[in-house]
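As given, the protein sequences belong to chains A and B, one line each in that order.
Going by the working numbering, the first sequence opens with residue 1150, and the numbers climb by one from there.
Going by the working numbering, the second sequence opens with residue 13, and the numbers climb by one from there.
Honestly, the hints are just simulated from the structure, not real lab data.
Misleading hints may appear alongside valid ones.
[Stated by the list, open to error] Taking lysine-lysine pairs in the DSSO-like style, the calculated list, with each CA pair at most 27 angstroms apart, reads:
1. K17/B with K152/B
2. K240/B with K78/B
3. K188/B with K1237/A
4. K129/B with K1190/A
5. K1179/A with K1190/A
6. K67/B with K1190/A
7. K188/B with K129/B
8. K152/B with K67/B
9. K93/B with K240/B
10. K1237/A with K1190/A
11. K78/B with K93/B
12. K17/B with K1237/A
13. K1237/A with K129/B
14. K1169/A with K17/B
15. K1237/A with K29/B
16. K1237/A with K1179/A
17. K1190/A with K17/B
18. K17/B with K1179/A
Listed here are the chains, written in short residue letters.
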Amino acid sequence: MIVRILGEGQFRVGDDVAAKLTALDSALDKAVETGDEAGFKTALDASVRLVRESGTRVPDEEFATAEFILPFSDATIAEVRRLLADGKIPGDSVGLP
Amino acid sequence: MSVMKRVSLIFRAKANKALDRMEDPRETLDYSYQQQVEMLTRVRRGVADVATSRKRVELQMNSLQKEVTRRENQARDALAKGREDLARAALQSKVSLQSQLDDLQGQYASLQEQEEKLTLASQRLQAKVDAFRTKKETIKATYTAAEAQTRINEAFSGISEEMGDVGLAIQRAEDKTAQMQARAGAIDELLASGALEDHVGGTQDAIQAELDRMGAGNEIESELARMKGELAAGAPRQIEANGDAGAADSAGSAGSAGAQAERPQAGDGS
């Protein structure tokens, strides 16, 4: 599975890592829902570390989309909520015709 | 639903929306490439902006550091003159300045981090855009419109995700820089107007004035001591003589003032 960490690019991870990430993802989701900033940071740090350490970088010549996209490693709950709420990505302004 | 999955769907939705708008996919390859090059320019400008902001904070930190050192010297000076109250005031002012400096140091580190991240993002996008250029030429040369569709979809979605990532990184850096500029502007104004000195503790000028006054006071004391010494040595005639000279001076100046006053009248008469 391909995972992107915002600001860091794409990584390819194995199934075992994907399973661990799915568990961490529920923790992230719960933290965002309840506004638990400490819990959010713990889950995000663990996810980012897991992907960086066990993933391999997707080469530049490969054009693929990620199944999981992790927020910036230093993101806050507010930032993630904003992204999920408006679904706007600044790159839109230079998007395709 | 999960956070990571939802974010990925948002990115995909963006790419799909763009793909839906395409008629002949091959024609849009070049257009997309142009957009990517523009994005590269934007991200490089972002790096330059953050660097400018960081340098400005650096200059401010230097100015604040000088002020902190000055307060410290004042405190030492005051203490040497036996004025613990003044030394205390100078140190209070120093503490206040130091906390502003610490705050700026934190901001500086954060800007430095943004700059590094954005530089990496720029390098990553550059590599991806180069790869896209190669890929688009291959697609245009090798495949018919129908065959090309799948490959183009892949390339677009991939580059779109990268562009979105970089776009978000630029936005973050811009936010950070804007916040920083507002603060830096306020500190610049304070430093320029000298208001920082009054604003921080409000005692700085008073401390320096008091220390200067004490310095002058010491000179007066030693002058007085010298004069007392002269008096004790029996110099009353000298003082008398000074008094006579002063009287003669004032008489002389009064006379010349009178003479000057007459001249214009004479001029008027002629």
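Against the structure, the hints:
1. K17/B with K152/B: violated (33 angstroms)
2. K240/B with K78/B: The hint is violated at about 43 angstroms.
3. K188/B with K1237/A: It holds: about 19 angstroms lies between the C-alpha atoms, which stays within 27 angstroms.
4. K129/B with K1190/A: Measuring from Cα to Cα gives roughly 19 angstroms; hence the hint holds.
5. K1179/A with K1190/A: It holds: about 12 angstroms lies between the C-alpha atoms, which stays within 27 angstroms.
6. K67/B with K1190/A: violated (30 angstroms)
7. K188/B with K129/B: Roughly 13 angstroms between the alpha carbons, so the hint for K188/B and K129/B holds.
8. K152/B with K67/B: violated (46 angstroms)
9. K93/B with K240/B: Satisfied, since the Cα-Cα distance of roughly 24 angstroms is no more than 27 angstroms.
10. K1237/A with K1190/A: Judged against 27 angstroms, a Cα distance of about 23 angstroms means the pair holds.
11. K78/B with K93/B: With a Cα-Cα distance of about 23 angstroms, the restraint between K78/B and K93/B holds, given a limit of 27 angstroms.
12. K17/B with K1237/A: holds (16 angstroms)
13. K1237/A with K129/B: The given pair, whose Cα atoms are some 21 angstroms apart, holds under the 27 angstroms limit.
14. K1169/A with K17/B: holds (14 angstroms)
15. K1237/A with K29/B: Holds - the C-alpha atoms of K29/B and K1237/A are around 12 angstroms apart, at most 27 angstroms.
16. K1237/A with K1179/A: holds (22 angstroms)
17. K1190/A with K17/B: Distance of about 18 angstroms is within 27 angstroms: holds.
18. K17/B with K1179/A: holds (14 angstroms)
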